[in-house]
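Asker: Letter by letter, the chains look like this.
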Amino acid sequence: MAGTLSALSAGLREFYEAPYRRTLSRARRDEDDLFTIVVLAEALGVPNPATYYTVELLPLLADRVHEWHTRLGMDRSPLEGVSCC
Amino acid sequence: MNSLVLMVVGLAMVLAGYFLYSKFLARHIYRLDENFRTPSHEMRDGVDYVPTNKFVLWGHHFTSVAGAAPIVGPAVAVIWGWLPAFLWVTLGTVFFAGMHDLGALWASVRNKGRSMGMLSGRYIGSRGRALFLVVIFLLLLMVIAAFATVIKNLLISTPTSVIPVWGAIAVAAIIGQMIYRWKINLPVTTLIGVTALYGLILLGDRFPVVLPDSVLGMSPATFWIVALFLYAGIASLLPVWVLLQPRDYINGVQLFIGLGILYLSVLLASPAVVAPAVNQNVPEGTPSMVPLLFVTIACGAISGFHGMVASGTSAKQLDKETDARFVGYFGAVGEGLLALGAIIAATAGFRTLADWEAVYSAFNEGGVSAFIDGGASIVNTGLGIPVSLSATILATMAVLFAATTMDTGVRLQRFVVQEAGEVMGVTVRKGLATIVVLVVAVGLTFSAGGDGAGGLLIWPLFGTTNQLLASLTLSIVAVMLLRRKRNPVVVLVPLVFVLAMSVYALIVQLGTFYADQNWFLLGLDVVILVASAWVAVEATAAMVAARRGEFDPETDEPVAAGQSAGTTATTRDS
Numbered sequence: 001m002a003g004t005l006s007a008l009s010a011g012l013r014e015f016y017e018a019p020y021r022r023t024l025s026r027a028r029r030d031e032d033d034l035f036t037i038v039v040l041a042e043a044l045g046v047p048n049p050a051t052y053y054t055v056e057l058l059p060l061l062a063d064r065v066h067e068w069h070t071r072l073g074m075d076r077s078p079l080e081g082v083s084c085c
Numbered sequence: 001m002n003s004l005v006l007m008v009v010g011l012a013m014v015l016a017g018y019f020l021y022s023k024f025l026a027r028h029i030y031r032l033d034e035n036f037r038t039p040s041h042e043m044r045d046g047v048d049y050v051p052t053n054k055f056v057l058w059g060h061h062f063t064s065v066a067g068a069a070p071i072v073g074p075a076v077a078v079i080w081g082w083l084p085a086f087l088w089v090t091l092g093t094v095f096f097a098g099m100h101d102l103g104a105l106w107a108s109v110r111n112k113g114r115s116m117g118m119l120s121g122r123y124i125g126s127r128g129r130a131l132f133l134v135v136i137f138l139l140l141l142m143v144i145a146a147f148a149t150v151i152k153n154l155l156i157s158t159p160t161s162v163i164p165v166w167g168a169i170a171v172a173a174i175i176g177q178m179i180y181r182w183k184i185n186l187p188v189t190t191l192i193g194v195t196a197l198y199g200l201i202l203l204g205d206r207f208p209v210v211l212p213d214s215v216l217g218m219s220p221a222t223f224w225i226v227a228l229f230l231y232a233g234i235a236s237l238l239p240v241w242v243l244l245q246p247r248d249y250i251n252g253v254q255l256f257i258g259l260g261i262l263y264l265s266v267l268l269a270s271p272a273v274v275a276p277a278v279n280q281n282v283p284e285g286t287p288s289m290v291p292l293l294f295v296t297i298a299c300g301a302i303s304g305f306h307g308m309v310a311s312g313t314s315a316k317q318l319d320k321e322t323d324a325r326f327v328g329y330f331g332a333v334g335e336g337l338l339a340l341g342a343i344i345a346a347t348a349g350f351r352t353l354a355d356w357e358a359v360y361s362a363f364n365e366g367g368v369s370a371f372i373d374g375g376a377s378i379v380n381t382g383l384g385i386p387v388s389l390s391a392t393i394l395a396t397m398a399v400l401f402a403a404t405t406m407d408t409g410v411r412l413q414r415f416v417v418q419e420a421g422e423v424m425g426v427t428v429r430k431g432l433a434t435i436v437v438l439v440v441a442v443g444l445t446f447s448a449g450g451d452g453a454g455g456l457l458i459w460p461l462f463g464t465t466n467q468l469l470a471s472l473t474l475s476i477v478a479v480m481l482l483r484r485k486r487n488p489v490v491v492l493v494p495l496v497f498v499l500a501m502s503v504y505a506l507i508v509q510l511g512t513f514y515a516d517q518n519w520f521l522l523g524l525d526v527v528i529l530v531a532s533a534w535v536a537v538e539a540t541a542a543m544v545a546a547r548r549g550e551f552d553p554e555t556d557e558p559v560a561a562g563q564s565a566g567t568t569a570t571t572r573d574s
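If you're matching them up, the sequences are chains A and B in order. The first sequence stops at residue 85 when you use the UniProt record's numbering, and every number in between is there. The second sequence stops at residue 574 when you use the UniProt record's numbering, and every number in between is there.
To be clear, the hints were calculated from the coordinates, so they are not data collected in a lab. There's no promise every hint is true.
[To be verified] Label-pair ranges, simulated between beta-carbon atoms: (1) B:Ile507 x A:Leu72: 45 to 53 Å; (2) B:Phe55 x A:Ile37: 38 to 46 Å; (3) A:Tyr53 x B:Phe55: 20 to 28 Å; (4) A:Ser25 x B:Lys112: 48 to 56 Å; (5) B:Gly421 x A:Ala41: 25 to 33 Å; (6) A:Ala2 x B:Lys183: 17 to 25 Å; (7) A:Ala41 x B:Val526: 52 to 60 Å.
Since the model is a prediction, treat every value here as computed from it, not as a measurement. Note that CB positions come from ideal geometry on N, CA and C, so glycine has one too.
Required output: the full structure, derived from the provided sequences and hints.
Answerer: Here it is as structure tokens:
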């Protein structure tokens, strides 16, 4: 009974989310990209008054950098200080 | 003729189509391969490409393609009698729609899940994409304008549906908040949402809203149309999770409830079909059945819109290629059943032939209201729900489908306008694009007699454009089959038939619009006619080239003369 109920719940959730998964994930990715640009601003040569704070966030973004620059059509990392591939 | 017989025969036909014909298509024409690595696995990214259970995927596919159109079309078309509509829906579902939807899904899966627009660029030629954009623009424009008229008519003819129809927007908005902000679990939310919706239906049934003759200086018809477009404009600009997503969801649930109610009622009431099999006594001014029947019923028999859903989204989520048969073909079967339900409601839900003839007093009279009235009387006999309440339920269901299609249509049309702007090198902002869409659509709606005078003049034009899109998709599928050196005749026969009927219908309507001196619709008709000729010419050229040329069976790409097509070890086409 509990199994059926949770299966039903999972099915309904899928039914609710799947048609818009793409739209929502895209919107999230766009926001993440903006955030990435802000954090990497100094490394990209753009003066950033908030560098003192954003530099702390750099390690957190390290994992995303490779996916980010390949998706934007750059085979190599555009960052001089941060190398990923 | 008893409607139960009609239902059983219809069901048997479309199910035979699924169990026999789709199997034939899957094995011998499209040659679906269980081991083919589908885009959902090959390009899996958790965003667009996600392998999905075939039943869940079918659910989305079906609810995205089924809407008000398979109700409106058949309800209008039974004016020629129930038999032509019945045959076109059942045979159309089996040999046209099912084959088309399955083909579109297959074509897209074999092309990394790309959309029909991209595929037309690849298989039809460089102008293919521009052509596709033009056809899509026309189709969305027709959908938005035609559905605004449909909803307006229903709100006036069934005033009890006013409260549930507008209240459903609030219900959807609350459901969206419940899920995203308050994190309430979905079964509970669904239960609350459906209960609230049916509560509103009961409330609306008690308190019908009839607008006075002049609202803010507008007639009720004008007022509803303006209100609908305002709503659609705002809804299309909101983030999707606020309104569109919960609305789609509730509609999906409602679609299954509604279909269940309708079929159960027919089963229990089994009313006699009072309408004639072939109406010899059609009202004055009714256009000839051939070709108009074939464009009046588009969705439910074959619809190009399905190809867009199949290629844009479903193809990217298909787990195994063989699932395409269930998702694509059975999706079309689901819609055929909805159309069949509409035919039964609009022909069997009346007591005598005279009653029926009184409703179908002229072409485009009756239509959805006949579906509501007829359906309500069947539901009343079958399930014992009072006639007025049944009518409110069915009207709300029809309006909700149409309204969701309308706001989604405005949203998609906005992207088309922005894309067209990009092609011309202009950046069009979101707000401006929406305004452009609304202005053009409102213009079209009123040009067709939006104040209630002209009714659904644009409906056959919508059907024609839809068939045109279907022709484009079928051409792509045919080119793919020809490049693989397979027999394309099961695609070509429907393709030629549908395109010929559309062009014939356009020419017939050209005469009607000229006689009515409706220059706007006349112009639109000419534009669609030109687009049709364009599709025919480009498609023929592409097919001839595909038949003559040598192509790599793996990649579909042309190979230079002298080089063997089977350079890869497999000569078998996979």
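Asker: Hints broken by the structure, by number, lowest first?
Answerer: 3, 4
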